[in-house]
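In this note's numbering, each residue's number is its place in the sequence shown (first place is 1) plus 25.
Calculated directly from the structure, the hints in this document are not laboratory data.
Check the hints yourself; a few may be wrong.
As the list claims (entries may be wrong) - DEER-style ranges, computed between Cβ atoms:
{"#": "1", "residue 1": "S324", "residue 2": "Q527", "range": "43 to 49 Å"}
{"#": "2", "residue 1": "D336", "residue 2": "K507", "range": "22 to 28 Å"}
{"#": "3", "residue 1": "S324", "residue 2": "K50", "range": "41 to 47 Å"}
{"#": "4", "residue 1": "N38", "residue 2": "N294", "range": "46 to 52 Å"}
{"#": "5", "residue 1": "D494", "residue 2": "M291", "range": "46 to 52 Å"}
{"#": "6", "residue 1": "E407", "residue 2": "D498", "range": "55 to 61 Å"}
{"#": "7", "residue 1": "E345", "residue 2": "E506", "range": "37 to 43 Å"}
{"#": "8", "residue 1": "E503", "residue 2": "R43", "range": "34 to 40 Å"}
Unchecked claim - Listed below are the simulated DSS-like cross-link pairs for lysine-lysine, each with C-alpha atoms no more than 25 Å apart in a straight line:
{"#": "9", "residue 1": "K327", "residue 2": "K305"}
{"#": "10", "residue 1": "K521", "residue 2": "K511"}
{"#": "11", "residue 1": "K374", "residue 2": "K415"}
{"#": "12", "residue 1": "K343", "residue 2": "K392"}
{"#": "13", "residue 1": "K137", "residue 2": "K51"}
In this text the structure is predicted, and so the values were computed from the model without any measurement.
Each residue gets a CB set at the ideal place from its N, CA and C atoms; glycine is no exception.
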Amino acid sequence: MNQKNNFKNNLSNSNFIRLLQNFTKKEIAEFMNFISSPFFNNQKTLIRLFSEIKKYYPNFTDKKFTKELLFDSVNPGKIYNDTVFRKYISNLMKLTEDYLIVKENLNNEERKNLSLLNQLERKNLFPFFNKIINRNNGESSNAVKHRISSETFYYCHFKEELKSNLAIRSNNLHLLKPSLVSSQKYLLLYLLLTSVVNGNMLMVNRNSFKEQKNNKMVEDFFDYFDMINYLEMSGQLNEHEKLFIELCRNDIVLLKNPYNINVIKMMKNNILGLTEYLDKNLLYVFFSHLNIYYLINISGGKPELNIDLLDNYKLMLKMELYFYEGVRYINFSEYKTILLLALRLKEYKWSLEFIDRFKNHHAAEMKQDIYNFSLAFLNFEEGKFDESLKHLSEIKINDLIFKLDCDVLKLLVYYELNYFDSANSLLDSFKYFVKKNTILSDNAKKIQFDFIKYFKEALKYKISGSISDYDYDRLKKELSEKTTLKRKSWFLEKLKSLYDSQK
């Protein structure tokens, strides 16, 4: 029995089964058809084996889901051979990879057209090549079908390269110059987009995590290469590309100086003006950049921007920017930012709807922990401290960001419930954890240490039950001047409440 359980557990934890758990029902059916095609698979045993495996979708936790029983279902009467079975699974894994490659290429019109043009050019089928080019040009006026994606400029560059090759091979050298000029333009547009995206991600990463060395190669790129001015001077841009260039220009300005509110407003207008021309992925990317600049300004002492920031996130949700190819997904860091922002603005009903909307769309191994995390914060803001502590106690994951946020919230709950010994004990371990951490940047550590410092003072005064006029005025002034302090409003509120209770 133990041996069978080990078989089952090993199979359930295999990469192949983990991959299948993330397939939709439609994809499971498509994959069945895929491996049944002799063009992709000529091993009938694999077809029979997958027919058995898919019966256990989506959880694959049934007691009968063992290697031995699956092996017996395709090889009745034969003794189980682990080497052979592993080969079956390995071959199925390779087929799933092939299926995903085919699916991705079939769903990507730009990639599909480019692959076709590449084959036609290699086979010297010039009339067919030109027919596809003309068809694509005729469809290019359809803005919805031809939205700009993260790959558009790269594929356009490659397409112009193929046209150049065709002009040379067909002895039409008079057609060479337009293709070469367009190829250069698209290559620069792709480089511009990639550099803007990478620069923003590196800026965020540098503020959160410690770097081995100070390397600003991507950010410094814009100081050395003025691609935007070059592209504008070329006279080769269409109207949509000009709008895109303006969006990138404002993003670069904010990358260097994120505190320019006027440029932030201009960037938002740029994005809204391009909603019909950028695909969902790029709209999400530039909205994310915009929201980062909002967050930087809010942490820098402009809390009035909180409402605008939440409106941005609500618009992104309305535009289904967290819904891609039939799957709803949001990374935890952004999910947490949206939730805590809504709670800070006391939008509790909307927050609960937001939690419920995404509770089944996080990574499987984090799903329940994120749900408990969310309810812990919601209950705390609603004053249900015991309920908040209950959800905190049910969180199992030990991720760095999870731990920092949960420990901070737990300290606040202990304060509210007068669990002074627990608060002091956690405060000591929390301080030690932050001090010894080698991943957090110095700035991120300072934010944690500032919270620890002022929480320790707040706890001291609550335990004593009193605070002098001098200490109250001193602390109030210090707290008011802190722009990046975690839970700044909470500290000011508790300080005032304690001071007023003495009158």
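Verification of the supplied hints:
1. The supplied range of 43 to 49 Å is broken by S324 and Q527, whose beta-carbon atoms lie about 32 Å from each other.
2. Here the CB-CB span from D336 to K507 is close to 26 Å, well matched to the stated 22 to 28 Å.
3. Take S324 and K50: their Cβ atoms lie about 43 Å apart, and the range 41 to 47 Å holds.
4. As the Cβ distance of N38 to N294 is approximately 50 Å, the hint placing it in 46 to 52 Å holds.
5. Range check, D494 to M291: about 47 Å between beta-carbon atoms, so the 46 to 52 Å window is met.
6. Between E407 and D498 the C-beta distance comes to about 32 Å, which lies outside the given range of 55 to 61 Å.
7. A C-beta distance of roughly 41 Å is found between E345 and E506, which places it inside the suggested range of 37 to 43 Å.
8. Look at E503 against R43: about 50 Å separates their beta carbons, and that is not inside 34 to 40 Å.
9. Our distance criterion of 25 Å between C-alpha atoms is broken by K327 and K305, whose separation comes to about 29 Å.
10. Between the alpha carbons of K521 and K511 the distance comes to roughly 17 Å, so the proposed pair stays at or under 25 Å and holds.
11. For the hint pairing K374 with K415, the CA-to-CA distance comes to about 21 Å; that is within 25 Å, so the pair holds.
12. Between the alpha carbons of K343 and K392 the distance comes to roughly 23 Å, so the proposed pair stays at or under 25 Å and holds.
13. A distance of roughly 22 Å separates the Cα atoms of K137 and K51; the hinted pair therefore holds under the 25 Å criterion.
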